[in-house]
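> Counting in the working numbering, the sequence shown runs from 1 upward without gaps.
If you are wondering where the hints come from, they were derived from the structure by calculation, not from laboratory data.
Predicted model only: the values in this text are computed from it and were never measured.
Every residue gets a Cβ at the ideal spot worked out from N, C-alpha and C, and that includes glycine.
Treat the hints with care, as some may be off.
Cβ-Cβ distance ranges computed for the label pairs, FRET-style [stated by the list, open to error]:
{"#": "1", "residue 1": "A156", "residue 2": "Q191", "range": "52 to 60 Å"}
{"#": "2", "residue 1": "T97", "residue 2": "P77", "range": "33 to 41 Å"}
{"#": "3", "residue 1": "V186", "residue 2": "A93", "range": "23 to 31 Å"}
{"#": "4", "residue 1": "V159", "residue 2": "F137", "range": "50 to 58 Å"}
{"#": "5", "residue 1": "Q161", "residue 2": "G189", "range": "48 to 56 Å"}
{"#": "6", "residue 1": "Q172", "residue 2": "L141", "range": "22 to 30 Å"}
{"#": "7", "residue 1": "V186", "residue 2": "S154", "range": "42 to 50 Å"}
{"#": "8", "residue 1": "G189", "residue 2": "Q162", "range": "50 to 58 Å"}
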Amino acid sequence: MFRKLYVPLTLTLTLLLVAGHLPKAAAQEAAPRAPARAANASAPRPFQVAYLRASLGVTSTLGWEYRCPRLAVEYAPMLTRHLGLAGRLVGVAGHPTASTPLYGSWIEQVPNQNYRAGFVEAEGLLYPFGNTQRVRFALGLGGYAGYYKLNAISSANVVAQQVVAYELATEQGGAVGYLGSLNVEVALGKQRRWLVGLKATRQKGLGGITNLPGQSLTIARQL
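Whenever a hint applies, use it, and build me the whole structure from the sequences.
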């Protein structure tokens, strides 16, 4: 009698196990497969990574009279791993000193000499080795437009390094041209959100402005 009951029970348990397994297998087959390149879904898109950068350096007056401090603030989005953009506001201010090669130590005796300028710069940046490295190199090419005002000496009567008489003249107007730059930066920390570096710039424009050099220290933070 026990043998007669054992065979039907065995068949029943087998059928129940098979029936329970079928829905799970069907659900696994119906579930969508994960994309093979899930990592690519999180790759940065254009303008998704950007930097806020400040720089402090020196440049020349438009007529090469003397060197002046240069301060700039820029927004720099990355387009790809090798291409970026930079929009920049630049301020330049200075006055001649005794070390100015064009004059002598007497130049400091003449008051009201100064230079003021403000520019807007736009620049495209090429990162030949990529912009995610610890050390980053970039070549820049762009243009600038702005306004300047120069109060300078037009004539002077100097006797034994003493100014006896002088006349001042004012030159002002717009400035438009193009620029090129060489940039190197080092990323700091594990997340590499901070950058420090050097920037060398050459500007050339209209109105007799030729080959104005500029060198700056830069610091940037990823937004």
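> Find the hints from earlier in the document that the structure breaks and name them by number, from lowest to highest.
No hint contradicted; all consistent.
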